[in-house]
Amino acid sequence: AQKVTQAQTEISVVEKEDVTLDCVYETRDTTYYLFWYKQPPSGELVFLIRRNSFDEQNEISGRYSWNFQKSTSSFNFTITASQVVDSAVYFCALSESNNNDMRFGAGTRLTVKP
Amino acid sequence: DVKVTQSSRYLVKRTGEKVFLECVQDMDHENMFWYRQDPGLGLRLIYFSYDVKMKEKGDIPEGYSVSREKKERFSLILESASTNQTSMYLCASIQGGLGGANVLTFGAGSRLTVL
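As they're listed, the protein sequences go chains A and B. Note that my numbering has the first sequence beginning at 1, numbered continuously upward. Note that my numbering has the second sequence beginning at 1, numbered continuously upward.
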């Protein structure tokens, strides 16, 4: 069965620090998709990125970057030069192509202090 | 801008009350979902619906029921609220199924407190 582990429950950093949010997954499927969602204090989860299992290229979007490594079953998320507006709960999720299901990690609460 | 709207952001109910949580989406999505969010547990699927009047149990359906009379509206019902149902409830919708590359669109959540 698919599973997503976000071992970091809470992280607190000071503005401008870099921070990495870890995500480790388990799946038996060879075709799967990994996602990151952000939940700001307003409550609505917002989609950030999607990666399929055949694309291990790392991605950068502004201050955000994602490191996908199949060898360690990890899909980590790094925020460079963090800002107060990055404070949120971040969820990693996994869906499999052969299974009508999506599994979420427990979430990591990031607090960025001014 | 596409939207999933949950009618109530905050509710306070008493034990034994019947509770309705309403969700409406304007994207003509076939599939709609109710999740429960608790600290340390992430999002857990309660029920989902893949068509009008159709429903399927998720991981934690006990104590809940759902209704989908129209494509755009999906309601979560707590027949007799209990204190252990105090939680954040998130509605979401998706075009296509959960498996694969499809992206969920979420509402802002309904925080329910049962006293």
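You may find that some hints are simply not true.
[Unchecked claim] The calculated label-pair distances, taken between Cβ atoms and stated as ranges, are: (1) K57/B - S61/A: 31 to 41 Å; (2) R44/B - V24/A: 33 to 43 Å; (3) S65/B - K16/A: 29 to 39 Å; (4) F20/B - Q57/A: 43 to 53 Å; (5) N98/A - M54/B: 39 to 49 Å; (6) T80/A - K18/B: 41 to 51 Å.
[Unchecked claim] Result set (DSBU-like, lysine-lysine): computed pairs, CA atoms no more than 30 Å apart in a straight line: (7) K3/A - K13/B; (8) K3/A - K55/B; (9) K55/B - K113/A; (10) K55/B - K3/B.
These aren't lab readings, by the way, just hints derived from the structure by calculation. Every residue, glycine too, gets a C-beta built ideally from N, C-alpha and C.
Structure-based check of all given hints:
| no. | hint | verdict |
| --- | --- | --- |
| 1 | K57/B - S61/A: 31 to 41 Å | 37 Å, holds |
| 2 | R44/B - V24/A: 33 to 43 Å | 19 Å, violated |
| 3 | S65/B - K16/A: 29 to 39 Å | 49 Å, violated |
| 4 | F20/B - Q57/A: 43 to 53 Å | 46 Å, holds |
| 5 | N98/A - M54/B: 39 to 49 Å | 21 Å, violated |
| 6 | T80/A - K18/B: 41 to 51 Å | 49 Å, holds |
| 7 | K3/A - K13/B | 34 Å, violated |
| 8 | K3/A - K55/B | 24 Å, holds |
| 9 | K55/B - K113/A | 43 Å, violated |
| 10 | K55/B - K3/B | 21 Å, holds |
Consistency with the previously given hints fails for numbers 2, 3, 5, 7 and 9, ordered from lowest to highest.
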